[in-house]
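Undergrad: Using the sequences plus the hints, can you model the full thing?
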Amino acid sequence: MVKIDNIELPDFPLLLAPMEDVSDPPFRALCKEQGADVVYTEFVSSEGLIRNAAKSVMKLDIYEKERPVGIQIFGANLDSMLQTIDIVSASKPDIIDINFGCPVKKVVSKGAGAGILKDICLMEKLTAEMVKRSDIPITVKTRLGWDHDSIKIVEVAERLQDVGCKAIAIHGRTRAQMYKGHADWKPIAAVKNNPRMHIPVFGNGDVDTPEKAVEMRDSYGLDGAMIGRASIGNPWFFKQVKHYFKTGKHLAPISLAERVEAARRHLQMSIDWKGEVLGVFETRRHYTNYFKGIPHFKEYRMKMVTSDHSADVFAAFDEVLEKFSDYQFTE
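Counting from 1, position 93 in the sequence shown corresponds to residue 93 in UniProt numbering; the numbering is continuous, with no gaps.
Just so you know, these hints were derived from the structure itself, not from any lab.
Yeah, the Cβ is synthetic: ideal placement off N, Cα and C, and Gly gets one too.
Where hints are given, some of them may not hold.
Between beta-carbon pairs, the in silico distance windows are [as the list claims (entries may be wrong)]:
#1 Asp308 with Ala257: 25 to 33 Å
#2 Lys180 with Arg67: 34 to 42 Å
#3 Leu122 with Glu319: 50 to 58 Å
#4 Phe329 with His182: 21 to 29 Å
#5 Lys110 with Asp149: 53 to 61 Å
#6 Ala257 with Tyr63: 23 to 31 Å
#7 Pro295 with Glu258: 17 to 25 Å
#8 Ser109 with Lys132: 25 to 33 Å
#9 Ser150 with Lys249: 38 to 46 Å
Computed cross-link-like contacts, DSSO-like style, restricted to lysine-lysine with a CA-CA straight-line distance of at most 27 Å [unchecked claim]:
#10 Lys192 with Lys180
#11 Lys132 with Lys118
#12 Lys180 with Lys105
#13 Lys186 with Lys242
#14 Lys152 with Lys125
#15 Lys303 with Lys292
#16 Lys65 with Lys106
#17 Lys212 with Lys186
#18 Lys132 with Lys186
#19 Lys55 with Lys3
#20 Lys292 with Lys242
#21 Lys249 with Lys274
#22 Lys292 with Lys239
#23 Lys132 with Lys92
#24 Lys239 with Lys212
#25 Lys92 with Lys65
#26 Lys3 with Lys65
#27 Lys118 with Lys180
#28 Lys92 with Lys125
#29 Lys3 with Lys212
#30 Lys249 with Lys292
#31 Lys239 with Lys249
#32 Lys274 with Lys55
#33 Lys106 with Lys192
#34 Lys110 with Lys65
#35 Lys65 with Lys180
#36 Lys246 with Lys65
#37 Lys3 with Lys239
#38 Lys212 with Lys152
#39 Lys125 with Lys110
#40 Lys92 with Lys105
TA: Right, dumping it as structure tokens:
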């Protein structure tokens, strides 16, 4: 069993990573149904929250069926982050996660996200003060370091733990790498193997097959895997990994009917939550993966990703189900 503070999780839990414009309530619901043990919101700007920005406030929507669920926040100003704790706590998440890893320039340029990796003392201070302010467990997601020459993740993790952080998820790349190259899990294993560490250490980055999840568990000894890009348009990834853990075999390919049904539900839940325009627009990025592998699919994919009306997208789903009814997925 793995525990984040008093939250009990199964052995080697699978966590849905916080992803901007991806891990919203509809997608989190699908992933939860398919075996995700913990889900996280899109990251929420502390400055946006304290100014009551509509987009930021909307990201605080969570539902009972998602639990345990974490709300992730980012920022670099202590006063703003402390005010954010008060605002976020009202939504009653199970976890409040601090983003110290986002590599995007507009976040980093404000000293937030991975930008704070240049100032480990500030990272420690922010975490310490937020722990003092919150009755909800505080966790952290970060990267190995700013660049290859500044990797101090073993020390960083220990310092964060010592000020009250209840778990840490580490992406196996530096900020300089962005998402290029391969994630290096060895420094994450070094954090886990530090005899002073007693909080859960989760690995993140490049877990895109069940075999890699097994490798992260068995070869690197980590406490769990945080899944990001592999789940986009593939909420079944969590089920696939757990099936492989249990049997050593791959789960049978997801059928076309299941894929169409998931895409339908995803779109409808998105419309119900954020309205027709945004619901249609922000679900588009999933369709390529939902139907990945179908030959000569471009015509139908273009209908799904260019239409501004949900009726047209639903009609495209019907066409796909009829046109490719005999297609057998191989993975």
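Undergrad: What's the verdict on Lys303 and Lys292, does the C-alpha distance respect the 27 Å limit or exceed it?
TA: Holds. Lys303 to Lys292 sits at ~15 Å (cutoff 27 Å).
Undergrad: Under the criterion that the straight-line Cα-Cα distance not exceed 27 Å, is the pair Lys132, Lys186 satisfied?
TA: Violated, because 32 Å separates the two Cα atoms, which is more than 27 Å.
Undergrad: Please verify whether Lys3 and Lys212 have alpha carbons no more than 27 Å apart.
TA: It holds: about 23 Å lies between the C-alpha atoms, which stays within 27 Å.
Undergrad: A range of 17 to 25 Å was offered for this pair. Does it hold for the Cβ distance of Pro295 and Glu258?
TA: 19 Å, holds
Undergrad: Does the alpha-carbon distance linking Lys92 and Lys105 stay inside the 27 Å limit?
TA: 31 Å, violated
Undergrad: Does Lys65 lie within 27 Å of Lys3 when you go C-alpha to C-alpha?
TA: Between Lys3 and Lys65 the Cα gap is close to 20 Å, so the pair holds against 27 Å.
Undergrad: Given the hint that Lys292 pairs with Lys242, test it: the Cα-Cα distance must not exceed 27 Å.
TA: Measuring from Cα to Cα gives roughly 22 Å; hence the hint holds.
Undergrad: Are Ser109 and Lys132 spaced within 25 to 33 Å by their CB atoms?
TA: Given a distance of about 28 Å, which is inside 25 to 33 Å, the answer is holds.
Undergrad: Given the hinted pair Lys65 and Lys180, is their alpha-carbon gap at most 27 Å?
TA: 35 Å, violated
Undergrad: CA of Lys65 to CA of Lys106, is that 27 Å or under?
TA: 33 Å, violated
Undergrad: Given the hinted pair Lys106 and Lys192, is their Cα-Cα distance within 27 Å?
TA: Distance ~31 Å between Lys106 and Lys192 Cα, so the pair is violated.
Undergrad: Given the hint that Lys110 pairs with Lys65, test it: the Cα-Cα distance must not exceed 27 Å.
TA: Judged against 27 Å, a Cα distance of about 35 Å means the pair is violated.
Hints 5, 16, 18, 19, 21, 33, 34, 35 and 40 from the earlier list are contradicted by this structure; the remaining hints agree with it.
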